[in-house]
Amino acid sequence: MKWLFFSYSLPTEPSKARVYVWRQLKKLGAVNYQTVWVIPHSNESVNELKKLIETIEGYTGEGMLVEGKALDKNHEERIHKAFIDSRNEEYQEVIAKCEDFFKEIRFEIERKNFIFAEVEENEEELEKLKQWLKKVEKRDVIGAPLQKVAAERIKTCEKMFDDFAKKVFLHAHDEGKRKKQSDKKGKSVS
Numbered sequence: 001m002k003w004l005f006f007s008y009s010l011p012t013e014p015s016k017a018r019v020y021v022w023r024q025l026k027k028l029g030a031v032n033y034q035t036v037w038v039i040p041h042s043n044e045s046v047n048e049l050k051k052l053i054e055t056i057e058g059y060t061g062e063g064m065l066v067e068g069k070a071l072d073k074n075h076e077e078r079i080h081k082a083f084i085d086s087r088n089e090e091y092q093e094v095i096a097k098c099e100d101f102f103k104e105i106r107f108e109i110e111r112k113n114f115i116f117a118e119v120e121e122n123e124e125e126l127e128k129l130k131q132w133l134k135k136v137e138k139r140d141v142i143g144a145p146l147q148k149v150a151a152e153r154i155k156t157c158e159k160m161f162d163d164f165a166k167k168v169f170l171h172a173h174d175e176g177k178r179k180k181q182s183d184k185k186g187k188s189v190s
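Take our numbering: the final residue in the sequence shown is number 190, and no numbers are missing along the way.
Among the hints, erroneous ones may be present.
[Stated by the list, open to error] Straight-line Cα separation of at most 27 Å, DSSO-like style, residue types lysine-lysine; simulated pairs:
| hint | residue 1 | residue 2 |
| --- | --- | --- |
| 1 | LYS159 | LYS138 |
| 2 | LYS97 | LYS155 |
| 3 | LYS69 | LYS2 |
| 4 | LYS50 | LYS69 |
| 5 | LYS130 | LYS166 |
| 6 | LYS148 | LYS134 |
| 7 | LYS27 | LYS148 |
| 8 | LYS112 | LYS130 |
| 9 | LYS26 | LYS97 |
| 10 | LYS128 | LYS26 |
| 11 | LYS2 | LYS27 |
| 12 | LYS97 | LYS50 |
| 13 | LYS112 | LYS167 |
| 14 | LYS130 | LYS148 |
| 15 | LYS103 | LYS159 |
| 16 | LYS50 | LYS27 |
| 17 | LYS69 | LYS16 |
| 18 | LYS50 | LYS16 |
| 19 | LYS26 | LYS134 |
| 20 | LYS155 | LYS130 |
| 21 | LYS148 | LYS103 |
[Said to hold, decoys possible] Have a look at the derived ranges for each label pair, beta carbon to beta carbon:
| hint | residue 1 | residue 2 | range |
| --- | --- | --- | --- |
| 22 | VAL46 | GLN131 | 19 to 27 Å |
| 23 | ALA117 | ASN32 | 39 to 47 Å |
| 24 | ASN43 | GLU76 | 18 to 26 Å |
| 25 | LYS138 | HIS173 | 39 to 47 Å |
| 26 | LYS50 | PRO145 | 30 to 38 Å |
| 27 | ALA117 | GLN34 | 44 to 52 Å |
| 28 | GLN24 | GLN131 | 13 to 21 Å |
| 29 | ASP162 | ASN32 | 18 to 26 Å |
| 30 | ASN113 | LYS16 | 38 to 46 Å |
| 31 | HIS41 | ALA117 | 31 to 39 Å |
| 32 | GLU89 | ASN43 | 20 to 28 Å |
| 33 | ILE115 | LYS159 | 43 to 51 Å |
| 34 | ALA117 | PRO14 | 35 to 43 Å |
Quick caveat, the hints were computed from the structure, so don't treat them as lab data. We put the CB at the ideal spot given by N, CA and C, even for glycine.
Working from the sequences, and respecting the hints, build out all of it.
Encoded structure:
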């Protein structure tokens with residue numbers, strides 16, 4: 001497999017520069033392997049890392065980008081494993097947040113909190129989860145095993161949300177009927 005090897009150095013201050021570079025590397029899906037960052041080769045990654053070098057140089061640091069292959073099969077396997085572990089860690093976090101979503105929906109149903117505000121709030125949370133999964137999947141060029149589990153959990157979240165939204169709709173619809181019936185009774189008594 002063709003890889004990009006990225007290394008950089010920055011002054012210790014300002015620390016925000018180090019944090020920024022680290023965040024950008026993580027967003028690209030790079031893993032830190034021994035003393036360098038490694039990412040599968042793609043033109044998009046090359047362009048993003050070149051921009052990152054410009055940013056690093058703006059902070060009076062230095063960056064180096066090299067493309068190549070691991071010459072030792074053992075190193076190739078370790079790099080591959082580092083990518084799988086890194087993506088699985090991200091998928092595990094998505095799965096955990098899906099579990100939180102399930103608990104929230106169950107809690108609202110148990111409380112019979114069938115109001116539109118809860119539908120909106122949970123819909124926003126579901127969209128965040130779906131977007132997060134897409135970001136992780138974009139970084140997952142290796143095909144980590146937990147991707148399927150995370151995707152299934154998102155589908156379960158969607159189904160739970162749809163069921164909850166239907167309950168809220170039916171509750172509002174039933175409330176509307178009861179109100180009309182109550183209004184009719186009140187008018188016929190007067």
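Evaluated hints:
Between the alpha carbons of LYS159 and LYS138 the distance comes to roughly 24 Å, so the proposed pair stays at or under 27 Å and holds. Proposed proximity of LYS97 and LYS155 is supported: the alpha carbons are some 13 Å apart, at most 27 Å. Using a Cα cut-off of 27 Å, the hinted pair LYS69 and LYS2 holds, with the two alpha carbons roughly 5 Å apart. Proposed proximity of LYS50 and LYS69 is supported: the alpha carbons are some 19 Å apart, at most 27 Å.
Note on LYS130 and LYS166: the hinted pairing holds, with a Cα-Cα distance of about 20 Å set against a maximum of 27 Å. Between the alpha carbons of LYS148 and LYS134 the distance comes to roughly 12 Å, so the proposed pair stays at or under 27 Å and holds. For a cut-off of 27 Å, the pair hint linking LYS27 to LYS148 stands: about 21 Å separates their Cα positions. With a CA separation close to 26 Å, the supplied pair LYS112 and LYS130 stays within the 27 Å bound.
Between LYS26 and LYS97 the alpha-carbon distance is near 19 Å, which keeps this suggested pair within the 27 Å criterion. Annotation: proposed proximity of LYS128 to LYS26 holds, straight-line Cα distance about 19 Å (limit 27 Å). Simply put, LYS2 and LYS27 have alpha-carbon atoms about 19 Å apart, close enough for the 27 Å limit, and the pair holds. Between the alpha carbons of LYS97 and LYS50 the distance comes to roughly 34 Å, so the proposed pair goes past 27 Å and is violated.
In summary, the hint linking LYS112 to LYS167 is supported, as the alpha carbons are separated by about 9 Å, within the 27 Å threshold. Of the supplied pair hints, the one linking LYS130 and LYS148 holds, its CA atoms being roughly 13 Å apart against a limit of 27 Å. Between the alpha carbons of LYS103 and LYS159 the distance comes to roughly 14 Å, so the proposed pair stays at or under 27 Å and holds. A hinted pair counts as satisfied when its Cα atoms are at most 27 Å apart, and LYS50 with LYS27 qualifies at roughly 15 Å.
Annotation: proposed proximity of LYS69 to LYS16 is violated, straight-line Cα distance about 32 Å (limit 27 Å). A distance of roughly 19 Å separates the Cα atoms of LYS50 and LYS16; the hinted pair therefore holds under the 27 Å criterion. With a CA separation close to 15 Å, the supplied pair LYS26 and LYS134 stays within the 27 Å bound. Between LYS155 and LYS130 the CA atoms are separated by roughly 9 Å; this keeps the pair inside 27 Å, and the hint holds.
This hinted pair checks out: LYS148 and LYS103 have alpha carbons roughly 21 Å apart, not beyond 27 Å. About 25 Å separates the C-beta atoms of VAL46 and GLN131, a value consistent with the hinted range of 19 to 27 Å. Checked against the hint of 39 to 47 Å, the pair ALA117 and ASN32 passes, with Cβ atoms roughly 43 Å apart. A hinted range of 18 to 26 Å holds for the C-beta pair ASN43 and GLU76, which are about 22 Å apart.
For the pair LYS138 and HIS173, the beta carbons lie near 40 Å from each other, so the given range of 39 to 47 Å is met. A C-beta distance of roughly 32 Å is found between LYS50 and PRO145, which places it inside the suggested range of 30 to 38 Å. At roughly 50 Å, the beta-carbon separation of ALA117 and GLN34 lies within the given 44 to 52 Å, and the hint holds. Checked against the hint of 13 to 21 Å, the C-beta distance between GLN24 and GLN131 comes to roughly 18 Å, which is consistent with it.
Remark: the range hint 18 to 26 Å for ASP162 to ASN32 is contradicted by a beta-carbon distance near 40 Å. Hint check: ASN113 to LYS16, Cβ distance near 41 Å, so the stated range 38 to 46 Å holds. A C-beta distance of roughly 47 Å is found between HIS41 and ALA117, which places it outside the suggested range of 31 to 39 Å. Restraint check, GLU89 to ASN43: a C-beta distance of roughly 26 Å satisfies the suggested window 20 to 28 Å.
Restraint check, ILE115 to LYS159: a C-beta distance of roughly 21 Å breaks the suggested window 43 to 51 Å. Range check, ALA117 to PRO14: about 41 Å between beta-carbon atoms, so the 35 to 43 Å window is met.
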